[in-house]
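A.B. asks: Heads up: the protein sequence lines correspond to chains U and V, in order. Start counting the first sequence at 1; every next residue gets the next number (UniProt numbering). Start counting the second sequence at 1; every next residue gets the next number (UniProt numbering).
Keep in mind that the hints are not guaranteed to be accurate.
[Unchecked claim] Sample of chain V residues facing chain U (criterion: CB under 10 Å; computed from the structure):
hint, residue
1, 48
2, 49
3, 50
4, 72
5, 77
6, 122
7, 143
[Claimed, not checked] Incomplete in silico selection of chain V near chain U, CB under 8 Å:
hint, residue
8, 10
9, 28
10, 218
11, 244
None of these hints come from the bench; they were simulated from the model. Quantities reported herein were computed from a predicted structural model and do not represent experimental measurements. A virtual CB, placed ideally from N, CA and C, is assigned to each residue, including glycine.
Protein chains: 2
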Amino acid sequence: MISIVLIGSGNVAQHLITAFLQSDEIELVQVFSRQKESILQLISSDKIVSNYDEIKVADIYIIAVSDNAIATVSSKLPFENRLVVHTSGSMPMEILDAKNRRGVLYPLQTFTKNKTVDFKEIPICLEAEKEDDFKIIQTVSESVSTVVQFISSEQRKALHVAAVFVCNFVNHLFKIGNDICKENQLSFDLLKPLIQETAQKIIQLTPENAQTGPAKRNDTATINSHLNFLTDENQKDIYKLITKSIIDDGKKL
Amino acid sequence: MISIVLIGSGNVAQHLITAFLQSDEIELVQVFSRQKESILQLISSDKIVSNYDEIKVADIYIIAVSDNAIATVSSKLPFENRLVVHTSGSMPMEILDAKNRRGVLYPLQTFTKNKTVDFKEIPICLEAEKEDDFKIIQTVSESVSTVVQFISSEQRKALHVAAVFVCNFVNHLFKIGNDICKENQLSFDLLKPLIQETAQKIIQLTPENAQTGPAKRNDTATINSHLNFLTDENQKDIYKLITKSIIDDGKKL
């Protein structure tokens with residue numbers, strides 16, 4: 001059994017609490033949080049503390065707070081030479097205070113409150129200063145996920161940038177699709193099967209082979225007709241730029 | 001039984017052939033195609049013709065060819081006053097030669113060769129000049145799909161533009177994600193659960209509520225760090241522009 005103290009009560013923290021409580025190999029000793037309310041339905045209140053002095057001894061301390069709070073929280077921990085990790089995609093391991101042994105446990109997924117995800121399929125990207133610590137983080141990760149991998153800080157940053165493109169930016173394109181539907185008295189539901197199939201396709205095909213549409217065909221007539229149709233400046237600019245990028249890719253082949 | 005002659009042998013045509021052959025309410029009389037090879041595994045060769053003179057009488061003629069060939073093909077049909085429809089998202093009904101009764105049957109999906117799709121869930125958008133013809137197109141559509149809807153030419157254009165954003169452009173963002181992974185010796189597989197979850201989320205949530213990431217949080221430090229990381233000009237420009245668009249949306253709330 002590996003004992004864990006989890007620090008945080010936001011989206012990622014909540015999903016980690018749920019996953020750890022379901023694991024036989026993990027003892028979730030405590031959760032440190034200033035916002036007790038958001039996690040009271042997940043864990044009994046006597047396991048939640050909000051003063052640094054009350055934090056118990058554990059094999060690993062997992063800091064799942066917002067990026068800009070990681071450094072402060074890690075420096076306030078009132079102990080030294082214990083294993084402390086953060087869960088951020090964009091922060092280097094070195095953001096953690098050097099008084100403790102450091103590592104990273106980054107679950108690569110988009111977490112939404114009150115929407116369960118299957119943690120088993122979520123890739124967890126690991127990093128640690130010391131080999132023994134890496135093994136502890138690995139055991140913790142493998143107790144909740146089947147896809148666990150060493151990733152350097154630099155690679156993690158690349159992965160996070162890529163994740164912004166394929167998740168955050170993709171969702172914004174869904175929003176534009178929804179806006180266009182609304183303006184034309186169309187139900188967004190009409191686009192949902194297309195959205196699901198687009199995501200399904202790249203499980204089997206490379207994105208290059210899955211690419212279709214007017215830009216891929218260099219179909220200037222349709223492209224111009226679409227640009228004339230669009231009135232919102234951001235939508236028009238995004239249409240132009242991604243079309244250009246698809247056409248540029250075609251030239252490289 | 002409604003009798004159909006299908007014109008075309010590309011992606012859309014192939015998926016329609018498969019769907020019609022499975023329907024009890026449809027008699028697929030003939031397929032007109034100059035490229036017999038691509039459909040020989042779907043339908044027996046005696047049902048495939050390549051001369052306009054050989055085309056038989058049918059209740060409805062479905063033209064599933066590339067957008068720029070629709071007008072020519074419809075004008076070459078050697079008969080008048082029969083029901084002729086096209087399957088294009090971006091072309092108005094009026095592109096069809098006026099010598100025949102006109103309509104549209106637009107299946108809103110991304111079709112890939114050799115990848116089956118469940119036609120039952122594909123929205124089909126319909127339009128017709130005459131009410132009786134609309135009923136025929138409706139019956140044909142309902143024999144293969146459960147989501148059949150009247151959509152005007154103008155709405156269909158809006159839907160096609162929206163589809164370019166949520167399908168073609170989304171796939172290009174997948175390609176950028178894949179490119180970033182490759183450059184950093186990371187497997188694109190790491191991003192696939194995230195991609196699936198991003199698509200799943202908008203079935204339950206509006207895209208506004210599903211939006212996460214540095215732009216949504218207006219997290220300038222992460223945004224600048226990502227922009228410094230990116231070296232490809234198109235990637236950088238797309239990152240800037242979609243980030244701006246997400247931030248602009250936040251200001252409107």
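A.B. asks: Run every hint past the structure and note whether it holds.
C.D. replies: Results for each hint:
The beta carbon of residue 48 of chain V comes no nearer than 25 Å to any beta carbon in chain U, farther than 10 Å, and the hint placing it at the interface is violated. Violation of the interface hint for residue 49 of chain V is found here, the shortest Cβ-Cβ separation to chain U being roughly 27 Å, above the 10 Å cut-off. Restraint check, residue 50 of chain V versus chain U: the minimum CB separation of about 24 Å is more than 10 Å; hint violated. Interface hint status for residue 72 of chain V: violated, as the beta-carbon distance to the closest one in chain U is roughly 14 Å, over 10 Å.
A least Cβ separation of about 23 Å between residue 77 of chain V and chain U goes past the 10 Å threshold, and the interface hint is therefore violated. For residue 122 of chain V, the suggested interface contact is upheld, since its CB lies about 6 Å from the closest CB of chain U, less than 10 Å. The beta carbon of residue 143 of chain V is not positioned within 10 Å of any beta carbon in chain U (closest approach about 18 Å), and the interface hint is therefore violated. Interface hint status for residue 10 of chain V: violated, as the beta-carbon distance to the closest one in chain U is roughly 11 Å, over 8 Å.
Interface restraint check for residue 28 of chain V: the shortest CB-CB distance to chain U comes to about 24 Å, outside 8 Å, so the restraint is violated. This hint is violated: residue 218 of chain V has a C-beta 12 Å from the nearest C-beta of chain U, more than the 8 Å allowed. The criterion of a C-beta within 8 Å of any C-beta in chain U is met by residue 244 of chain V, whose closest approach is roughly 7 Å, and the hint holds.
Of the hints listed earlier, those the structure fails to meet are numbers 1, 2, 3, 4, 5, 7, 8, 9, 10, in rising order.
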